[in-house]
Amino acid sequence: MSATANKSSKLGTTSPPLSGERLVELYRTMVLSRYLDERVWLLNRQGKAAIAASAQGHEAAQVACIEATDPSKDHYLTYYRQFTAMMALGTEPEEMLRGFLAKDGDPMSAARQFPLHGAHPRVDLFNFSNVIATQLPQAAGVALADKLRGDDAVTIVFFGDGAASQGDTHEAMNFAGIRKLPIVFFCENNRYAISVPLNKQMAVDTVASRAAGYGFPGVQVDGTDVVAVYEATQAAVNRARAGDGPTLIEVSVERLQPHTTDDDHTRYRSPEDIAQMANKDPVKITSETLRRRDLLTEAEDEAIHAEAKRRVNVATDTVDAEPYPDTETMFDHVTSNRDEGGS
Amino acid sequence: MSATANKSSKLGTTSPPLSGERLVELYRTMVLSRYLDERVWLLNRQGKAAIAASAQGHEAAQVACIEATDPSKDHYLTYYRQFTAMMALGTEPEEMLRGFLAKDGDPMSAARQFPLHGAHPRVDLFNFSNVIATQLPQAAGVALADKLRGDDAVTIVFFGDGAASQGDTHEAMNFAGIRKLPIVFFCENNRYAISVPLNKQMAVDTVASRAAGYGFPGVQVDGTDVVAVYEATQAAVNRARAGDGPTLIEVSVERLQPHTTDDDHTRYRSPEDIAQMANKDPVKITSETLRRRDLLTEAEDEAIHAEAKRRVNVATDTVDAEPYPDTETMFDHVTSNRDEGGS
Amino acid sequence: MPEQTVIEAVRDTMRAEMRRDESVILLGEDVGLRGGVFLATDGFIEEFGEDRVIDTPLAESLICGLALGAAVNGMRPLAEIQFADFVWPAINQLVGEAARVRYGTNGVKTAPMTIRVPYGGGVRGGLYHSQSIEVLFAHTPGLTVVAPATPYDAKGLLASAIRSDDPVIVLEHKRTYRLVKGEVPIEDYTIPIGRAEIKRPGSEMTIVTYGLMLHYALQAAETVSEQGLDVEVLDLRTLRPLDADAIAESVSRTGKVLIVQEDTPAVSISSEVAAIVGERCFFDLDGPITRLTAPELPPMPFSPLQEAAFMPSPEKIVAAIAKLAEL
Amino acid sequence: MPEQTVIEAVRDTMRAEMRRDESVILLGEDVGLRGGVFLATDGFIEEFGEDRVIDTPLAESLICGLALGAAVNGMRPLAEIQFADFVWPAINQLVGEAARVRYGTNGVKTAPMTIRVPYGGGVRGGLYHSQSIEVLFAHTPGLTVVAPATPYDAKGLLASAIRSDDPVIVLEHKRTYRLVKGEVPIEDYTIPIGRAEIKRPGSEMTIVTYGLMLHYALQAAETVSEQGLDVEVLDLRTLRPLDADAIAESVSRTGKVLIVQEDTPAVSISSEVAAIVGERCFFDLDGPITRLTAPELPPMPFSPLQEAAFMPSPEKIVAAIAKLAEL
Ligand SMILES: Cc1ncc(C[n+]2csc(CCOP(=O)(O)OP(=O)(O)O)c2C)c(N)n1
Ligand SMILES: Cc1ncc(C[n+]2csc(CCOP(=O)(O)OP(=O)(O)O)c2C)c(N)n1
Ligand SMILES: [Mg+2]
Ligand SMILES: [Mg+2]
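Residue numbers (our numbering), protein chains in the order written: chain A, 1 to 343; chain B, 1 to 343; chain C, 1 to 327; chain D, 1 to 327.
Hint data in this document are derived by calculation from the structure and do not stem from the laboratory.
Check before you lean on any hint, since a few could be wrong.
Stated by the list, open to error - From chain B, some residues computed to sit far from chain D (all C-beta separations above 10 Å): (1) Glu67; (2) Ala145; (3) Asn199; (4) Ala275; (5) Glu298.
Claimed, not checked - Straight-line distance between alpha carbons at most 30 Å, and here's what the computed DSS-like set of lysine-lysine pairs gives: (6) Lys109/D / Lys180/B; (7) Lys48/B / Lys181/C; (8) Lys73/A / Lys109/C; (9) Lys73/A / Lys200/B; (10) Lys109/C / Lys180/A; (11) Lys109/C / Lys48/A; (12) Lys109/D / Lys48/B.
It should be emphasised that the depicted structure is a prediction, and the values quoted were computed from it without experimental measurement.
Note that the Cβ used here is the ideal one computed from N, Cα and C, for glycine as well.
Can you build the whole structure from these sequences, using the hints too?
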């Protein structure tokens with residue numbers, strides 16, 4: 001955690017620290033996510049995936065965040081860059097690919113929506129829309145319902161540094177502070193909103209600093225550090241479950257790829273800026289950390305990579321051969337109680 | 001200025017302090033505003049004015065703010081409670097009443113709009129809409145135009161504590177901070193948005209505290225203290241003119257009347273809360289201050305009151321006798337270059 | 001049956017639904033101690049408490065986003081937008097989001113939420129307290145829009161809205177709140193969404209209308225009946241989905257149609273009714289498809305004479321009937 | 001005359017207008033170094049600098065509010081909403097505010113601002129990168145809405161929009177950006193706002209359409225002409241104010257109308273065209289007023305087969321022509 005993150009220690013972490021075993025498991029998910037993510041870009045270049053946004057660079061933050069939550073009861077409101085978080089929540093490579101290739105059986109939206117958008121069939125993860133920041137007031141509403149019923153659930157809502165500029169973000173945080181909602185605002189700050197750099201997005205250095213204006217703590221954490229993100233999230237989740245209200249966690253990450261497969265970041269990032277990212281690759285950093293802490297041998301690491309590659313290959317072959325959804329199904333689920341055949 | 005207002009001293013006030021003479025002039029405007037304001041409520045009870053919002057309690061803050069600006073070049077984006085500010089900017093009682101009674105010659109909108117809404121014929125004051133907080137992004141746009149042209153003008157935008165919750169407020173302050181716009185955000189915090197008290201509007205004590213999240217100073221000032229508000233505004237205006245960017249000024253005031261003539265605040269304010277307001281009446285406080293500082297004698301004070309009363313009576317008689325605007329004029333000024341007769 | 005005003009019917013229905021179903025929660029500005037600016041929720045916070053009667057901050061996008069989030073998490077939020085003119089900041093959460101929750105998740109999530117929106121003019125509201133805002137909602141797949149004009153319909157349609165498993169926009173015409181009285185049964189009932197109703201049967205012409213204009217149309221029909229003209233008045237009641245069958249049936253039978261609305265004409269409810277008639281009644285029509293609406297001006301002037309000139313009135317409807325009848 | 005794509009015409013026109021008038025400033029997300037996500041402003045920041053090419057924070061209400069404020073203070077802001085689907089957060093500043101500035105100040109203030117909004121589907125955009133959003137804008141008094149479909153019209157109408165003293169919404173169909181090519185004079189010209197154009201003359205039926213559908217309609221008209229059917233194609237070009245005279249003239253002459261739009265039908269541009277026809281062409285019509293539109297679904301599925309099923313196509317238009325011709 002960075003200097004400004006010291007607030008999180010005040011929150012009091014009561015749950016156990018991450019075991020070495022779990023750390024390796026998280027690393028396994030990161031590697032799988034990375035291979036699958038790369039594969040999706042390849043499929044885009046082959047004309048098979050219409051569009052993809054990538055989590056490359058965000059993997060450590062996402063697995064660590066999810067690890068500190070309880071998928072059996074918590075709620076997740078994600079945005080399009082939650083590739084790794086979705087895998088950490090148990091989405092299989094095949095399921096992910098059905099979304100990207102718009103194939104029959106896409107679990108999130110039956111391929112009506114962009115990849116990763118819709119609702120998850122097994123955990124309470126939803127990502128209704130591509131419209132930036134709409135999920136924040138919605139997340140406050142989800143948390144409000146839990147609070148009114150006295151349910152022991154926490155809502156985690158994910159967003160980017162660009163999303164912090166939207167009015168919806170302000171309105172949601174303000175209300176969450178007033179009602180002390182059980183919610184964690186999880187901001188993945190990669191310093192860019194497509195091409196717009198942070199200094200054109202805000203006059204301050206951290207999104208976390210805004211939390212003070214809403215009456216709850218904000219912390220900034222190194223998003224390549226699995227343990228730091230895990231601990232910060234755990235503290236925030238504990239705080240929320242204890243009825244003490246929201247926390248804003250800002251993780252500093254790099255967006256290793258262009259914004260989406262439609263983007264070319266050399267148009268707006270300097271060569272130096274692009275080059276320095278190599279040192280911020282969370283997969284590499286986590287591998288080194290695990291090796292240094294003797295939690296992983298070189299052979300084990302290689303096996304993890306080989307297994308990830310194999311799973312991605314199998315999933316690709318399977319899904320590539322599948323059909324698109326039946327056209328007639330597009331008329332389903334507009335409203336509950338009537339067909340919409342005309343006006 | 002209150003404890004948190006000490007920041008404003010850092011801004012450096014270079015202009016001269018308010019003279020005793022000007023103080024009396026400001027007081028004169030406050031008294032005139034108060035009588036006219038009371039008259040409008042009476043006209044509402046008589047069925048002549050459809051609706052009125054009042055500035056009673058906000059008078060000192062409004063005259064002091066305007067006094068620190070330059071009406072020959074500055075821009076004012078007001079909201080419906082700017083009764084006194086408009087008079088400080090030279091709007092005559094008759095003009096005000098034409099608006100309230102929807103009579104021919106209403107200078108702001110030709111009686112198309114609610115009273116005080118529209119654009120001022122002599123100074124650059126505008127108040128397009130009743131929709132809370134829309135004026136803040138617009139004000140940023142006004143200030144942006146000045147900044148791009150290098151014009152030496154400052155934009156003052158007025159809003160309430162309720163308006164601080166709107167997304168537009170956040171978006172406007174964020175942008176103003178990024179581009180260091182020549183703008184003063186002037187928040188009249190009367191602790192209520194209609195019936196909603198401050199603790200249901202925000203989890204923090206001051207709107208001013210939000211400024212830190214946008215990279216510019218925020219100060220809180222006692223809004224019944226003409227000198228304090230004047231100095232804070234002057235510092236902010238100087239800062240803006242010097243190219244140093246925005247300031248958020250929050251004045252603490254009381255709303256002495258119900259929200260509008262349609263409202264009954266005994267439904268939601270406790271008797272004690274209503275009773276304590278007597279001590280926060282800025283007209284009374286300013287009168288006492290002037291008397292204490294020997295700037296005003298009892299006789300002079302009485303003369304000010306008598307003159308205000310007289311002017312209000314004359315204006316009422318004049319405007320009451322006037323016609324409504326010609327119906328046909330309602331078709332004018334929809335767009336520049338075409339009639340809108342159908343679809 | 002007791003007589004009630006529209007606002008009384010709205011209040012009683014909300015209270016009954018909140019007693020009936022714990023998951024109904026109220027969200028809005030000033031809905032608490034103030035009881036709402038129209039007193040629609042008078043006494044609610046005392047009965048249901050601060051947990052179920054939530055005075056929100058001044059932020060309409062928040063109100064609708066909260067409602068949506070609470071709805072997908074098991075609640076049935078009932079939100080109030082204080083005036084229709086202030087619904088614009090919330091359009092993104094309603095049209096962009098709520099309307100598509102069911103579709104965009106292939107039915108996994110649903111948003112059983114109701115948004116009450118007092119709308120319309122003739123109340124000296126000027127440009128920002130008079131607007132008709134039905135067009136975009138009525139256009140949007142995934143939304144349901146009702147616009148009851150009588151106390152009876154207000155109760156039945158509001159109950160249907162609250163019990164619906166989809167987002168429903170309830171348009172209540174402000175001017176009808178205290179103006180319009182009618183009998184309302186005490187017992188529980190609902191009115192099916194999507195059904196227009198013939199409020200006055202007739203044989204020589206159909207007036208298709210809704211909201212406050214229903215009452216003006218009924219007055220006009222009464223006036224011309226004294227001159228021997230037998231006009232049918234069809235109240236749309238639901239604006240999405242429109243009851244195309246009822247429109248087509250009535251207009252085909254009478255052969256003439258006059259569409260009356262308070263809103264401005266271009267791309268409006270009246271346009272869609274005209275399109276339905278033009279497509280389905282073509283061979284039965286014996287007069288042009290006629291509309292009486294507000295003029296194409298930003299609705300609507302504050303000044304009383306101009307406001308009156310802006311609004312359709314019983315007299316203007318009588319004139320339009322006479323003109324169409326002579327053709 | 002050189003051939004250009006629509007996006008090239010848009011880019012060249014904006015550049016020319018910015019050179020012509022210093023008060024034209026550009027606002028939007030990624031309009032700077034990125035040159036816009038469609039490269040509409042490629043090279044602009046290099047030529048005009050950061051003062052006139054402003055990368056805004058991610059906030060559409062801000063973008064439109066800034067444009068409005070700068071417009072009333074002497075600028076001619078030219079703002080880009082990145083995708084039409086993201087215009088909803090800005091509706092309040094456009095429909096509630098900008099549309100009424102002139103009216104609400106009795107002409108003292110005006111807002112000469114242009115908002116470019118890339119819209120429409122058929123680009124694998126799914127629910128949130130495909131929407132048609134014209135309805136509300138076309139309904140709103142005080143706004144002007146143009147929807148050019150060819151490079152020639154894109155240049156002429158965009159120039160008119162930027163030089164207009166009122167807020168103009170410019171709808172550019174994303175799919176036409178690179179698909180549609182045509183001749184564009186190098187010299188300066190404008191096209192008057194509010195005038196439809198017959199893009200193909202014909203005598204037996206009128207297709208009224210706009211946007212991408214113009215091109216599909218022209219293809220369909222070509223196809224049926226081989227079968228001896230002579231269909232006129234009228235391109236609306238401006239959606240507010242609609243050119244009611246041109247519609248009425250053409251339909252009265254041909255006696256049949258098929259209205260084709262990509263948007264869903266209820267309360268849409270097609271409804272208003274139908275209403276105009278039903279009111280003004282009643283005595284000349286010899287067939288029902290017919291519409292071909294998208295189905296009533298949230299637009300539009302991401303999956304390619306479903307997307308194709310959702311969109312009107314030249315084949316579907318041919319079928320609709322054939323059906324109407326036989327009646
Ligand atoms: C309301 C809205 N405006 C614009 C867009 C287009 N857009 C998609 S992603 C994006 C940038 C988002 O940046 P950030 O929030 O930092 O997230 P990141 O992609 O960096 O993770 C933009 C402008 C959108 N989807 N929604
Ligand atoms: C967007 C919007 N929502 C609701 C309203 C209704 N309304 C008018 S004034 C007001 C309260 C405003 O409170 P505040 O900003 O504190 O200003 P004050 O009246 O106290 O000066 C409300 C809710 C409105 N005008 N605009
Ligand atoms: Mg980012
Ligand atoms: Mg207030």
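Hint check results:
no., hint, verdict
1, Glu67, "23 Å, holds"
2, Ala145, "4 Å, violated"
3, Asn199, "27 Å, holds"
4, Ala275, "39 Å, holds"
5, Glu298, "43 Å, holds"
6, Lys109/D / Lys180/B, "26 Å, holds"
7, Lys48/B / Lys181/C, "27 Å, holds"
8, Lys73/A / Lys109/C, "16 Å, holds"
9, Lys73/A / Lys200/B, "29 Å, holds"
10, Lys109/C / Lys180/A, "26 Å, holds"
11, Lys109/C / Lys48/A, "28 Å, holds"
12, Lys109/D / Lys48/B, "28 Å, holds"
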